[in-house]
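S.K.: The residues making up each chain are set out below.
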Amino acid sequence: MRVDFKLSRILWFVLIVAVLIIAVVPLIYTIDAAFYKENKTGLSQIRSLVAFLNVFTSQEYLEFLWNALYLASIVTAISVTLGVSLALILARTDLPFRGIFDLLVIIPMFLSPFTGLIAWIALGSVKTGFINVTLIGIAEWLGFELEPIVNIWTFSGIVWVMSLFFTSLMYLFTSSSLRSMDTSLEESARASGATPMQTLLHITLPMQVPSILSSALLVFIFSAEMYTIPGLIGSTFGFTTLPWRIYQDSTAFPVHQAHAAAAASMLLIIAMIGMLLQRWFTRLSTRYITVSGKGFRSNPMNLGRWTIVSWVLVIGYILSAVVLPIAGMLMSSLMKYSAPVINMQIFTLTHYVQIFTLQNMLNALWNTAWLAIVSGAVCVILGFAISYTDARKPSKSSRFLAFTGSLPVAVPGLVYGLGLLWVYIQTPLYGTAWVLLLAYIAKFLPYGIMNSRSGILQLHPEMEESARMSGANNAQVLRLITMPLMKTTLIAILVFVMFQSIKELSASVLLYTQKSQVLSVLTWHYMDAGNYQFAAAVGVTQTVMMLLLVVITRAVFRVKFEKAMGS
Amino acid sequence: MAHISIKGLVKKYDQHRAVADVSLEIADGEFLVLLGPSGCGKTSILRCIAGLENVTSGEISIDNKLVSSPQFSLPPEKRSIGMVFQSYALWPHKTVEENVSFGLELKGIKASQIKQKVDRALSLVGLKEYATRAISQLSGGQQQRVALARAVVLEPRVLLFDEPLSNLDAKLREHMRFELRQLQKLLGITTVYVTHDQQEAMVVADRIVLLREGLIEQISTPVDIYENPCSVFGADFIGLANIHSGQVTQSGEITRVQLSDQIQIECTHGQFGVGQSVDVMSRPEQVIVSTEPLQSPNVWQGQVSHTFFLGSVADVYVNIGNLQIRSQMSPPKHLDNGQTVWIHIPPQALRLYAHQTKI
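Which chain is which? The protein sequence lines are A and B, in order.
FYI, the numbering for the first sequence is 1 to 567, going by my numbering.
FYI, the numbering for the second sequence is 1 to 359, going by my numbering.
Hints are computed from structural coordinates only; laboratory data are not their basis.
Quick caveat, the model's predicted, so the values are computed rather than measured.
Among the hints, erroneous ones may be present.
With a straight-line cut-off of 30 Å between C-alpha atoms, the simulated DSS-like cross-links for lysine-lysine are [unchecked claim]:
hint : chain 1 : residue 1 : chain 2 : residue 2
1    : A       : K487      : B       : K94
2    : B       : K65       : A       : K487
3    : B       : K107      : B       : K78
4    : B       : K94       : B       : K65
5    : A       : K396      : B       : K12
6    : A       : K393      : B       : K65
7    : B       : K7        : A       : K487
8    : A       : K393      : B       : K94
9    : B       : K107      : A       : K393
10   : B       : K78       : A       : K393
11   : B       : K7        : A       : K393
12   : A       : K393      : B       : K12
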């Protein structure tokens with residue numbers, strides 16, 4: 001009994017130290033690095049304010065910041081409009097085939113935004129994009145000339161690819177919040193004489209405002225901190241956002257490490273403010289959820305003459321975000337090179353053969369797989385342990401741990417990548433996949449903590465107390481009652497973190513070496529080098545991995561992942 | 001079977017004192033009810049007995065063996081206590097049978113014996129045919145019974161109930177009270193039962209402990225606690241009560257109290273000096289309403305203010321000057337609003353309390 005107690009004390013202490021090292025130290029290091037004088041390979045020993053002042057006051061960097069915020073605002077506006085409209089149409093109207101559409105609309109969540117970019121470069125490039133090629137081909141056949149219509153290598157192209165991805169996120173959040181809304185509120189509006197349209201405009205939508213705002217902020221932060229898509233496209237016409245500049249400052253020779261650190265701190269501040277606001281809106285929105293899970297659905301709204309508009313919107317989105325990208329990426333992955341004319345000679349299976357034969361490809365495949373599994377398992381176990389302790393036996397240390405462990409949710413992957421890179425570059429860990437693992441755990445532990453927390457809170461403590469009264473000790477309660485009851489939540493967290501790990505790019509790009517390749521970095525690598533077909537093949541492999549994960553989760557655990565993720 | 005002894009129990013949550021200072025002796029086989037409004041500390045006491053909460057100060061012993069003190073707490077699973085929770089707390093991932101057998105399996109009892117004991121417990125609550133059902137397939141009342149079977153199957157020394165009937169509908173609740181009482185007498189297990197429903201308490205209890213803000217207000221049998229509440233709070237909480245305040249004008253064998261200009265009331269209970277402020281309590285069913293004048297002490301003429309027909313009784317509110325008195329007539333008689341009536345309260349039916357300014 002006594003030994004047990006001491007052991008758990010020690011474990012707890014180790015956990016606190018580990019979370020501090022993983023989650024907090026890289027951040028402190030990043031902020032600290034902003035205040036040194038730079039030399040060509042990194043930092044000198046001399047303290048300096050030059051970089052800090054340069055980043056926070058110079059026209060140049062403020063413009064990069066403005067570019068990032070401007071891009072994020074447009075992406076957010078489009079994603080919110082599209083996502084909310086889709087959610088309302090599919091959750092509240094009588095549009096036929098709603099059930100299938102509901103599944104299709106969230107598929108982009110299972111793709112990485114970067115694979116979306118690969119696909120859209122294949123589809124929307126000026127000379128070789130499948131869309132232009134097809135349209136011009138049709139036009140020629142009809143006997144007239146046509147200029148290329150679509151061009152993905154523009155600012156609108158960046159906005160387009162990012163919006164397509166984030167719309168699906170907006171949809172997921174809004175539709176789950178719509179589903180948890182007490183329908184009697186809408187019914188009482190109808191009873192007070194409101195038409196379905198008036199009910200929608202005056203009751204349903206206003207009640208969703210806090211929840212929409214909170215998810216919109218999330219989209220805003222995610223798109224403001226993204227450097228991959230804006231960087232890859234934007235660099236071709238001189239459009240630079242702050243995150244992209246951070247990436248360049250820290251990777252391109254000569255390195256501007258202090259500048260990168262200062263700019264990263266700037267990004268961190270913005271992300272933190274955004275997350276605080278987001279928390280506030282979330283709290284507002286939970287206040288609006290009156291009754292949930294009654295399972296009683298009132299009659300869906302009759303679309304009438306809006307049916308066609310709705311069809312266009314839903315099908316248009318599914319085409320652009322799901323069908324075309326997947327088809328385009330598949331096709332591109334089977335081609336030898338980009339070509340304005342497509343004939344049979346151009347198709348090949350070489351890329352796939354290489355993926356499964358080349359040693360560094362196999363390494364990347366293996367690394368991606370084990371990193372996903374281990375980071376998923378660690379985040380579930382730590383997240384559950386921290387939340388469980390904090391919910392059932394709250395103390396100062398448990399609150400501290402839950403707080404610091406959740407902190408990284410507001411930290412851009414880029415900033416984490418930099419911090420970890422600088423902390424571990426001197427150690428033997430650098431150059432191994434273990435650094436990536438640390439980055440993934442730091443980045444995704446918050447999901448483990450927060451999601452298991454909401455799962456535990458749904459579990460009545462009397463369930464556990466009654467087991468104590470039946471003669472079970474603490475460990476038996478946990479093993480025989482709590483864990484089995486939380487099975488769905490825990491599996492959902494596991495799969496979610498595995499997903500995120502497979503997709504993770506922004507920190508991985510900074511931390512990988514030849515020995516520690518992962519699939520997402522490979523796609524980045526080949527995109528950067530202009531080998532779009534190989535990147536597409538890797539992208540397809542990565543996507544298949546994630547789809548397999550969804551199918552396995554469903555078949556083995558009978559957990560509908562997309563449902564568990566929305567809550 | 002066990003005897004429970006609670007001495008000077010205090011339970012604090014942060015700065016809030018849920019249980020202020022409670023001492024109690026619960027006899028072997030007794031059915032004791034902890035009764036009081038929400039926040040009176042009744043559930044905290046129960047959870048301390050169960051071992052689910054640590055005590056801030058004081059001691060709890062079962063059969064003269066210390067189980068709870070500030071320095072020591074026997075874990076709940078080692079106390080041999082069965083408990084029925086307000087939410088039933090049945091485990092949805094287990095069947096009825098598995099819910100009941102859980103504790104037996106932990107004890108490592110032989111499978112054949114487990115089967116026998118589970119069967120017996122389920123028969124006791126009339127759910128033998130439901131053994132293989134999932135919990136979600138049961139009604140609220142049936143879930144309640146499973147929770148009960150689970151609590152008794154380990155043959156505990158003590159049974160604890162935390163508002164077990166509050167989630168049931170009125171009809172079922174009335175039926176279950178009676179059943180719980182019978183079962184407890186059959187098994188003879190010492191039982192502590194928490195409720196805020198005074199009628200429920202009256203039906204099941206051998207003794208009722210009335211609690212108020214973490215302190216014991218009164219301990220007595222149901223009949224006594226109803227007939228002789230020791231305070232205005234008790235009178236008001238258990239049953240219905242007319243409470244009026246006034247000044248004592250005569251003391252001795254008969255105490256007279258001036259309630260208003262028109263009303264002077266005679267009581268045979270209570271010793272108070274002339275000039276003291278007192279509260280006079282009467283039960284509405286003791287207040288007699290007559291359409292004819294009556295000749296006796298404590299008779300006043302008044303007007304019917306309003307009446308409610310409740311089926312077996314009628315609630316009649318009569319205004320006498322600026323005082324209003326409530327009467328319950330059974331069998332109910334029809335009275336018109338504004339009708340002149342005479343009301344009479346027998347002097348021995350009145351109770352007097354020293355007047356306390358409302359907190």
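S.K.: Compare the structure with each hint and give your call.
M.R.: Status of each hint after checking the structure:
1. K487(A) to K94(B): Between K487(A) and K94(B) the Cα gap is close to 14 Å, so the pair holds against 30 Å.
2. K65(B) to K487(A): Answer violated: K65(B) to K487(A) is near 40 Å, above 30 Å.
3. K107(B) to K78(B): Between K107(B) and K78(B) the Cα gap is close to 11 Å, so the pair holds against 30 Å.
4. K94(B) to K65(B): Judged against 30 Å, a Cα distance of about 34 Å means the pair is violated.
5. K396(A) to K12(B): 18 Å, holds
6. K393(A) to K65(B): 27 Å, holds
7. K7(B) to K487(A): 43 Å, violated
8. K393(A) to K94(B): 26 Å, holds
9. K107(B) to K393(A): 26 Å, holds
10. K78(B) to K393(A): Judged against 30 Å, a Cα distance of about 20 Å means the pair holds.
11. K7(B) to K393(A): 27 Å, holds
12. K393(A) to K12(B): Status holds; Cα separation ~16 Å.
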